[in-house]
Amino acid sequence: SQQGEEDPQALSIQEGENATMNCSYKTSINNLQWYRQNSGRGLVHLILIRSNEREKHSGRLRVTLDTSKKSSSLLITASRAADTASYFCATDADRGSTLGRLYFGRGTQLTVWP
Amino acid sequence: DGGITQSPKYLFRKEGQNVTLSCEQNLNHDAMYWYRQDPGQGLRLIYYSQIVNDFQKGDIAEGYSVSREKKESFPLTVTSAQKNPTAFYLCASSMGTGRRRNTEAFFGQGTRLTVV
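Protein chains in written order, with our numbering: chain A, 1 to 114; chain B, 115 to 230.
Hints are computed from structural coordinates only; laboratory data are not their basis. Each statement offered as a hint is correct.
Derived pair list, reagent style DSBU-like, types lysine-lysine, alpha-carbon separation capped at 30 Å: (1) A:Lys69 <-> A:Lys56; (2) B:Lys171 <-> A:Lys26; (3) A:Lys56 <-> A:Lys70; (4) A:Lys70 <-> A:Lys26; (5) B:Lys197 <-> B:Lys184; (6) B:Lys171 <-> A:Lys70.
Given only the sequences and the hints, what does the whole structure look like? Please build it.
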């Protein structure tokens, strides 16, 4: 399977702390994306990092990508209660992939306590 | 507003009954996707379409059918052959083809289907 796998499955922190989630995948990729899902809602795209990039920032989000280890991390700095959600990584596949499809992991459930 | 709309939000189905979930997008996206999400699970791909009048099976297509008669619309029918249809269904779209493939996906708000 080319599915990404997030780690940890669940993360519970206090407001103001940083939250780090990791994603590992199995095959070479063109890009890796992170999505957020509030309970009972659709997914919202957060950030995309290409295979030739090592780090990317967007507001309080920082994503790193290590293609040699086939892994990525998502760091949310200064967490807020509103950051409580599930976070998913999604990968494409570099070669032989079905055009445009993404492979999702099971997600990390982040809970931020006030 | 541009976006992707799923309806209904909640759907109840009797056993043996077919039901159709609607998905419409006005983003002018070529690619559309249907995913199924079960508690504690990731998203599993049911069907996808890269262009009008063409679609492909995903990983769990059995018991489902789709059509893509218009670029904007990609309805999913859950048939009586689907033995365990209770789940949260998500539709997504993306620019999807050629050099613009593997760009971000836009998701609808989901349909929660329950068999009663």
